[in-house]
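Taken in order, these protein sequences are the chains called B and C.
The numbers in our numbering rise by one with no breaks, and the one at position 69 of the first sequence is 69.
Count along the second sequence from 1, add 257, and you get the number used in our numbering.
For the record, the hints were derived by calculation from the structure and aren't laboratory data.
Only a predicted model underlies this, so the values are computations on that prediction, with no experimental measurement involved.
For every residue, glycine included, the Cβ atom is placed at its ideal position computed from N, Cα and C.
Certain hints may be false.
Said to hold, decoys possible - Here are some chain C residues pointing at chain B (derived, C-beta under 7 Å):
(1) GLU266
(2) ASP268
(3) ALA270
(4) ASN337
(5) ALA346
(6) VAL348
(7) ASP349
(8) PHE357
(9) ALA377
(10) PRO378
(11) THR380
(12) GLN435
(13) ARG439
(14) GLY440
2 protein chains.
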Amino acid sequence: MPRYALKIEYDGAPFCGWQKQIDLQTVQGTINQALQMLEPNCEGVHGAGRTDTGVHATGQVGHVDLKKNIAPERLLEALNFYMRNQGVAVVDCALAPDDFHARFSAIERQYTFRLLSRRAPMTFDKGTMWQVKHGLNLAAMQEGALHLVGQHDFTTFRSTVCQALSPIKTLDELRIEQLSYRGGVETRFHIRARSFLHNQVRSFVGTLERVGAGSWKPAQVKTVLDAKSRAACGPVSPPHGLYLSAVRYPLSPFEKV
Amino acid sequence: MPRYALKIEYDGAPFCGWQKQIDLQTVQGTINQALQMLEPNCEGVHGAGRTDTGVHATGQVGHVDLKKNIAPERLLEALNFYMRNQGVAVVDCALAPDDFHARFSAIERQYTFRLLSRRAPMTFDKGTMWQVKHGLNLAAMQEGALHLVGQHDFTTFRSTVCQALSPIKTLDELRIEQLSYRGGVETRFHIRARSFLHNQVRSFVGTLERVGAGSWKPAQVKTVLDAKSRAACGPVSPPHGLYLSAVRYPLSPFEKV
Numbered sequence: 001m002p003r004y005a006l007k008i009e010y011d012g013a014p015f016c017g018w019q020k021q022i023d024l025q026t027v028q029g030t031i032n033q034a035l036q037m038l039e040p041n042c043e044g045v046h047g048a049g050r051t052d053t054g055v056h057a058t059g060q061v062g063h064v065d066l067k068k069n070i071a072p073e074r075l076l077e078a079l080n081f082y083m084r085n086q087g088v089a090v091v092d093c094a095l096a097p098d099d100f101h102a103r104f105s106a107i108e109r110q111y112t113f114r115l116l117s118r119r120a121p122m123t124f125d126k127g128t129m130w131q132v133k134h135g136l137n138l139a140a141m142q143e144g145a146l147h148l149v150g151q152h153d154f155t156t157f158r159s160t161v162c163q164a165l166s167p168i169k170t171l172d173e174l175r176i177e178q179l180s181y182r183g184g185v186e187t188r189f190h191i192r193a194r195s196f197l198h199n200q201v202r203s204f205v206g207t208l209e210r211v212g213a214g215s216w217k218p219a220q221v222k223t224v225l226d227a228k229s230r231a232a233c234g235p236v237s238p239p240h241g242l243y244l245s246a247v248r249y250p251l252s253p254f255e256k257v
Numbered sequence: 258m259p260r261y262a263l264k265i266e267y268d269g270a271p272f273c274g275w276q277k278q279i280d281l282q283t284v285q286g287t288i289n290q291a292l293q294m295l296e297p298n299c300e301g302v303h304g305a306g307r308t309d310t311g312v313h314a315t316g317q318v319g320h321v322d323l324k325k326n327i328a329p330e331r332l333l334e335a336l337n338f339y340m341r342n343q344g345v346a347v348v349d350c351a352l353a354p355d356d357f358h359a360r361f362s363a364i365e366r367q368y369t370f371r372l373l374s375r376r377a378p379m380t381f382d383k384g385t386m387w388q389v390k391h392g393l394n395l396a397a398m399q400e401g402a403l404h405l406v407g408q409h410d411f412t413t414f415r416s417t418v419c420q421a422l423s424p425i426k427t428l429d430e431l432r433i434e435q436l437s438y439r440g441g442v443e444t445r446f447h448i449r450a451r452s453f454l455h456n457q458v459r460s461f462v463g464t465l466e467r468v469g470a471g472s473w474k475p476a477q478v479k480t481v482l483d484a485k486s487r488a489a490c491g492p493v494s495p496p497h498g499l500y501l502s503a504v505r506y507p508l509s510p511f512e513k514v
């Protein structure tokens, strides 16, 4: 019974998140339907991370067991055929060891958040970035972000419905860069950790946007972190700028390109 | 009677090209309708280049005369308000000298063509690149492109309906680069000249794609150029990978960002 690792890309807009749900269109449900076309009794795909409604992925990883031995290239082609025009694509596929588990073998998740500052509305890239009209101060956001890196109690930046056992997590990186974008500036947040709390990245970005806009002082990020209170958090950013961009394993199941 | 220069971005998909036409949706017609909301007798916008059906722009330039004195920022906001959700945006606006003419003052046009090599279908960026499934040899395309740079009779690379008086043009640059794109490679063509013949860029790209795929030898590009025959040209690439990316003037009407 071969096990396959899949690298999966999706536009979050049409989906009620990753996790399968009865009567709702989800990414996992869509992939499972395609797998059923190949093997009617297939148990379905397991994902590395459950993304929320509207959140995108460029590097979600899943694993699936099949009874048949199919060449990985053929599995990729078949799944993409059955999922055509549904907003999901398998971009890489490889045979994986039997003990590879997309979720439990993962040692790091990477998220990217795209935030556009531009007066003119978007013509291209609609639904792929959160847009604001004002500029954002990069140095101030970077100063604020430094308070979040490392091991902390992130109760402030955690959704009230978060099911994690502990609010203590270690944030390995929160890197912010700005790129010019026709008539505006794109701010990109790169965030790495072993695992995340529910809404943690969107709570970070919503808060740092307030710092970049000048409404909050950078030091206020530390004040609200220390408060360990959800009420102290800044606004939560919308989901459509957020991407699960990579999942890291001790041994990557995919070949380096 | 103040004259304004506009930097204009548009998704070519919904439009029958730039130039206004009765009963057809065009970019110029859409901008003119918005201008009519501001000044009912406005003569409308003049563009630097007439892009074809389906061709995009990130740096089209236009000029317009108004009777009222409106601050450029307000004109940008008003036009974008009237054109909302129509696939066109004014990304920059500035007062221009009376003798500034978007078309006749231009000394250079720059086009970019985006070509994606990837097996998996596109999830993001649909309609913004021409996709092929096979890889493309960069060095071979670069070798082929060298034959096109400089002053030549470009009859081979010119649509039969082209209205230019002469097929002789000077190509200042044809630079090709490749960027990694999740599970694939994007080939980007950067092309500069004072002016272009009809379908010239798409004829270049369609021919060079054949070279990159290995179907044509690089030297064949010179053979077909020397043939001065439209029949000798390779396939013409589709329009949705093509962008009018910049127009250059002796003095730019726009402030540097």
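The hints, checked one at a time:
no. : hint   : result
1   : GLU266 : holds (5 Å)
2   : ASP268 : holds (5 Å)
3   : ALA270 : violated (10 Å)
4   : ASN337 : holds (5 Å)
5   : ALA346 : holds (4 Å)
6   : VAL348 : holds (3 Å)
7   : ASP349 : holds (5 Å)
8   : PHE357 : violated (19 Å)
9   : ALA377 : holds (4 Å)
10  : PRO378 : holds (5 Å)
11  : THR380 : holds (5 Å)
12  : GLN435 : violated (12 Å)
13  : ARG439 : holds (5 Å)
14  : GLY440 : holds (3 Å)
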